[in-house]
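Peer 1: So you can see what is in the structure, the chains are spelled out below.
There are 2 protein chains.
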Amino acid sequence: MTRLFNDPAAFADEALEGFAAAHRGWVRPVTGGVVRAAGTPAGQVAVVVGGGSGHYPAFSGLVGRGLAHGAAVGNVFASPSAQQIRSVARSADGGAGVLLMYGNYAGDVLHFGQAAERLAGDGIEARTFAVTDDISSAAPEESAQRRGIAGDLPVFKAAAAAAEEGLPLAEVLRVAAHANARTRSFGIAFSGCTLPGADHPLFTVPEARMAVGLGIHGEPGIGEESLPTADEAARLMVTALLKELPDGVDAPAGQRAAVILNGLGSVKYEELFVVYRKVAALLGAAGVDIVDPEVGELVTSFDMAGVSLTLTWLDDRLEELWRAPADTPAYRKGAPVAQDPAAEAAAYVEDVDDTRVPDATEASRGSAAHVLAALNAVAGIVDTHADELGRIDAVAGDGDHGIGMRRGTTAALEAAVRAHDLGAGAGTVLVHAGDAWADKAGGTSGALWGTILRSLGTRLGDQDTPTAEAVARGVSDASDAVRRLGGAEVGDKTMVDVLVPFADTLAEAAGAGLPLSEAWQRAAVTAEKAAADTADLLPRKGRARPHAEKSLGTPDAGAHSLALITRAVHGVLPDHPLDQH
Amino acid sequence: MTRLFNDPAAFADEALEGFAAAHRGWVRPVTGGVVRAAGTPAGQVAVVVGGGSGHYPAFSGLVGRGLAHGAAVGNVFASPSAQQIRSVARSADGGAGVLLMYGNYAGDVLHFGQAAERLAGDGIEARTFAVTDDISSAAPEESAQRRGIAGDLPVFKAAAAAAEEGLPLAEVLRVAAHANARTRSFGIAFSGCTLPGADHPLFTVPEARMAVGLGIHGEPGIGEESLPTADEAARLMVTALLKELPDGVDAPAGQRAAVILNGLGSVKYEELFVVYRKVAALLGAAGVDIVDPEVGELVTSFDMAGVSLTLTWLDDRLEELWRAPADTPAYRKGAPVAQDPAAEAAAYVEDVDDTRVPDATEASRGSAAHVLAALNAVAGIVDTHADELGRIDAVAGDGDHGIGMRRGTTAALEAAVRAHDLGAGAGTVLVHAGDAWADKAGGTSGALWGTILRSLGTRLGDQDTPTAEAVARGVSDASDAVRRLGGAEVGDKTMVDVLVPFADTLAEAAGAGLPLSEAWQRAAVTAEKAAADTADLLPRKGRARPHAEKSLGTPDAGAHSLALITRAVHGVLPDHPLDQH
Chain Z
1 MTRLFNDPAA FADEALEGFA AAHRGWVRPV TGGVVRAAGT PAGQVAVVVG
51 GGSGHYPAFS GLVGRGLAHG AAVGNVFASP SAQQIRSVAR SADGGAGVLL
101 MYGNYAGDVL HFGQAAERLA GDGIEARTFA VTDDISSAAP EESAQRRGIA
151 GDLPVFKAAA AAAEEGLPLA EVLRVAAHAN ARTRSFGIAF SGCTLPGADH
201 PLFTVPEARM AVGLGIHGEP GIGEESLPTA DEAARLMVTA LLKELPDGVD
251 APAGQRAAVI LNGLGSVKYE ELFVVYRKVA ALLGAAGVDI VDPEVGELVT
301 SFDMAGVSLT LTWLDDRLEE LWRAPADTPA YRKGAPVAQD PAAEAAAYVE
351 DVDDTRVPDA TEASRGSAAH VLAALNAVAG IVDTHADELG RIDAVAGDGD
401 HGIGMRRGTT AALEAAVRAH DLGAGAGTVL VHAGDAWADK AGGTSGALWG
451 TILRSLGTRL GDQDTPTAEA VARGVSDASD AVRRLGGAEV GDKTMVDVLV
501 PFADTLAEAA GAGLPLSEAW QRAAVTAEKA AADTADLLPR KGRARPHAEK
551 SLGTPDAGAH SLALITRAVH GVLPDHPLDQ H
Chain C
1 MTRLFNDPAA FADEALEGFA AAHRGWVRPV TGGVVRAAGT PAGQVAVVVG
51 GGSGHYPAFS GLVGRGLAHG AAVGNVFASP SAQQIRSVAR SADGGAGVLL
101 MYGNYAGDVL HFGQAAERLA GDGIEARTFA VTDDISSAAP EESAQRRGIA
151 GDLPVFKAAA AAAEEGLPLA EVLRVAAHAN ARTRSFGIAF SGCTLPGADH
201 PLFTVPEARM AVGLGIHGEP GIGEESLPTA DEAARLMVTA LLKELPDGVD
251 APAGQRAAVI LNGLGSVKYE ELFVVYRKVA ALLGAAGVDI VDPEVGELVT
301 SFDMAGVSLT LTWLDDRLEE LWRAPADTPA YRKGAPVAQD PAAEAAAYVE
351 DVDDTRVPDA TEASRGSAAH VLAALNAVAG IVDTHADELG RIDAVAGDGD
401 HGIGMRRGTT AALEAAVRAH DLGAGAGTVL VHAGDAWADK AGGTSGALWG
451 TILRSLGTRL GDQDTPTAEA VARGVSDASD AVRRLGGAEV GDKTMVDVLV
501 PFADTLAEAA GAGLPLSEAW QRAAVTAEKA AADTADLLPR KGRARPHAEK
551 SLGTPDAGAH SLALITRAVH GVLPDHPLDQ H
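Protein sequences appear in the order of chains Z and C.
When you line the first sequence up against our numbering, it's residues 1 to 581, in that order.
When you line the second sequence up against our numbering, it's residues 1 to 581, in that order.
Just so you know, the hints here were simulated from the structure itself, not pulled from any lab data.
Honestly, I wouldn't trust all of these hints.
Since the list gives no way to pick one copy over another, a pair counts as held whenever it fits inside one copy or between any two copies.
Claimed, not checked - In silico DMTMM-like links for lysine to aspartate or glutamate, alpha-carbon gap of 25 Å or less:
id	residue 1	residue 2
1	K333	E320
2	K333	D316
3	K333	D231
4	K529	D359
5	K333	E142
6	K550	E320
7	K333	D292
8	K529	E165
9	K333	E294
10	K550	E232
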């Protein structure tokens, strides 16, 4: 279990701070993560990696010559926000564009995707690439749905080494895709980890049993077996990987492979070496030539007891990239050039300007006061129900929905107050609130709620008086944006199951001429019923829901919190259009 | 707990094999451990480190340019045998002598000391140095009694960097002593580890409590407190270390220090970084300039949950040595030169010649048959009582006495049979048996029993017929050698409490003209009583006995096994002098 922390909410930030202090020769802290202390050489594509905290040396430990140019670091097991990623990418950019790389998890896909869009707005060309190496997480025909685990390392490294050669962004992206297509991992686990401040493990594996294919956040595996011997564990993993050779590899014999035997946290070095002994023998017997093996802790989950085996089937080009030197805090290879002298202790770069707001009409500024009241009500209802939301989420997920929502709504309210104080209109207040929510909450729900507030704010603007129709159109925009970004549809047991009927009912009632409060009331009733109905649903396959099957009979946490929020907002809406207060 | 293993007895060997297979660019396996793949440059002093398995990257992971030239690797938490150390040192020797370095534990002191003596016999100049950095293990005025923990690394590194500069052995030893005198560590622990094949932890710490100063094998600490926050843990360790500055350092302000924050196994990287953040702040506030800090797992105890802080107070010379480049499997620093191409998979070097024995008289060869019978009885009695010996040892120690004795007696018997088949006399049979016992059993008892058999064999020789007086003189030699090597006296609750009265009684009875069997019988009765009396004793402070205070009321395991053996041997002694069968 995680025992050494201060305020659990500050854990990830404090860890990043300590990490940066211990590695000044390699990295420099910036808002949202770290970049190379020496910077990105001008004209070189920057590879920016990232993901949640708790997986060290992924992701900050992999920043340095020959590997990543920057890492965006989220909260514990939560994606960094789009704002964080954008900040790191802007600091890492060397003028030749940025490749954003991460493991394939819903929250990361959302935030990195949004960041790429915003970077384009900043004039920085950005592409995204999600690693999908875990063969136990989806069938071969659905390999694009697979999770990324320790295969992150060889895929990141191939792309970064190509960037180091000076190749253009499109080519670096092509190398990443090629490396990913030839990289496969398979893991087993014996026990879960307990997150900072939690009083029970995130997931458990029965005593003397082994979960086959369990994900690094407790995502479901493909079976459970008795605890194996070290040799049996080696055979299980090698056999699984030799069964699914990539395109272009007809048989293992005569092939070369990069091999990574990765410990998740409390399977220790000696055990890994005992297992590796057999892995090497089995691969040797299959005719595979092992190139520069790595045996150690390269992607962890705190002190989770588990181990995974990764093979990257090398061709000449991939072998060259795998063998290329690297010099990072946690991964060093070959003969790197001398370290730069320790960089000056850099201040955190603050690149978000929240001291200025666009001009707004008096009417819109008046409406902004209602927005504040609504956000205050939202923060209040979430605070009251945070523990309940956590409990519901823990049935099938990692139980942090309440924490994330509390962090998000608090930050949204603070940002809204700041913007209002600066004279912002209703639209800008909502946009600032949305950005702060996404930035501070992280995770999937943070990204989606940020989008909801931003969509609504963009529709309302800072000029016109918001009417019921305008609010309904804003909610419909938000509903569309959430479906587009999150990729979920009605029936997938997500907040979309509530947001879509809520938006439809609101649009219908507003279109029929009802005043906002009445229209919202009808829509909120629909939302509550829809949230309760999610208890009858199973999540769609492939989404990051550990133990999805257990959630039958329990509503979706995101759907439930959305319904609570619609009800709370109704309580502070005026009985008449927003301008008539 | 340790979950991935095959035969627990083969764990350490298999781990070493896998380690070597994964790191062919750095190390080459030899009998007893590993040496640098590139060898020791001619004329360079070789630094050979070592200790038990279970502490990776200590010790094999520290072999490579700029650090150790070789590592002798013992069984799990057991010293390598003198034979193993000698073998590694012979392979590592570059013609300028060898410095043997290890943490200050009884078994290591014994075996490395013996190895140095034998290396002298091989014509290789060897010195020993024990690291004593753990300030919680003895008071400042007894600092030579302290254990070695993570301070091993900076002390090994200083000596090795000096060797790399081409300095002579005496100077390298002086550097080691200087670095050790300025290196201090302090640790805390939250839970113990479970060794391969064991069904319960080696030691435990109560839930939500912290053991202050607990040793890495569960040796007793100096107190127990509530689980601290990360900042409190940092403050506790920094305060303890700033309280005991080395000679020549009057105050921390203005000093430079190498800082190592070491995780013992399942305190993970992010937690270490959170703690390091505060360590750095506290040292900064005290005016200490941190030089090249290391935060990670550098000396572990399987998955023990614990953390230690090490400071080496640097002067200009020590800073130069600390900053010097290094390139080993687990520790890389600066700008090392390119790796050598992977060495050929080296066969294990077999450098012990057990195919030839010295000439012996017919009489002595006849007596050797009695020696075989005695060793057979010894192996039998140990096998019968192995579980009981383990249970007795577990009260205060690590519970492996039965395992070690079984391994040793089995090996001794096999070696004796081999020597006898080659025509050896009684003396050579005993010497071979003793060497095999020490080599295969490892640990403190292995070294001492090896010495007992070797002393007895040396006295008996291969020419004369062993008389009762000769046997008694041999046993007295053994008693003297055990006291000299082990440093224990009567009353310290060790086998010495039995060996000394046994030897004295035997000498007295033989001197009085009693035949061997009768003299031995008297001595065996004395031995049994003395062994039982050890239940009333407390072990001497500073010896490696975890939970020593718990052992009151239980006899010492080593004393008990010695008494059992004297009784078993009596059962096979002829009723008349050994030559009259």
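Peer 1: All the hints need checking, so say for each whether the structure fits it.
Peer 2: Hints, one by one, checked against the model:
1. With identical chains, the CA atoms of K333 and E320 are at most 25 Å apart both within one copy (13 Å) and between copies (24 Å).
2. In this assembly of identical chains, the alpha carbons of K333 and D316 lie at most 25 Å apart only when taken from the same copy (18 Å versus 29 Å across copies).
3. For a Cα distance limit of 25 Å, the shortest separation of K333 from D231 qualifies neither inside one copy, at 28 Å, nor across copies, at 34 Å.
4. Taking the closest pair of Cα atoms, K529 and D359 never come within 25 Å of each other, the shortest separation being 40 Å inside a single copy and 98 Å across copies.
5. Taking CA atoms no more than 25 Å apart as the test, K333 paired with E142 passes in neither setting, with 34 Å inside one copy and 43 Å between copies.
6. Neither within a single protomer nor between protomers do K550 and E320 lie at most 25 Å apart by alpha-carbon distance, with minima of 46 Å and 59 Å respectively.
7. With identical chains, the CA atoms of K333 and D292 are at most 25 Å apart both within one copy (9 Å) and between copies (19 Å).
8. In this homomeric assembly, K529 and E165 never come within 25 Å of each other (Cα to Cα): the closest approach is 57 Å inside a single copy and 78 Å across copies.
9. Both within a single protomer and between protomers do K333 and E294 lie at most 25 Å apart by alpha-carbon distance, with minima of 10 Å and 18 Å respectively.
10. Taking CA atoms no more than 25 Å apart as the test, K550 paired with E232 passes in neither setting, with 30 Å inside one copy and 40 Å between copies.
In summary, the structure is inconsistent with hints 3, 4, 5, 6, 8, 10 from the numbered list given earlier, while agreeing with the others.
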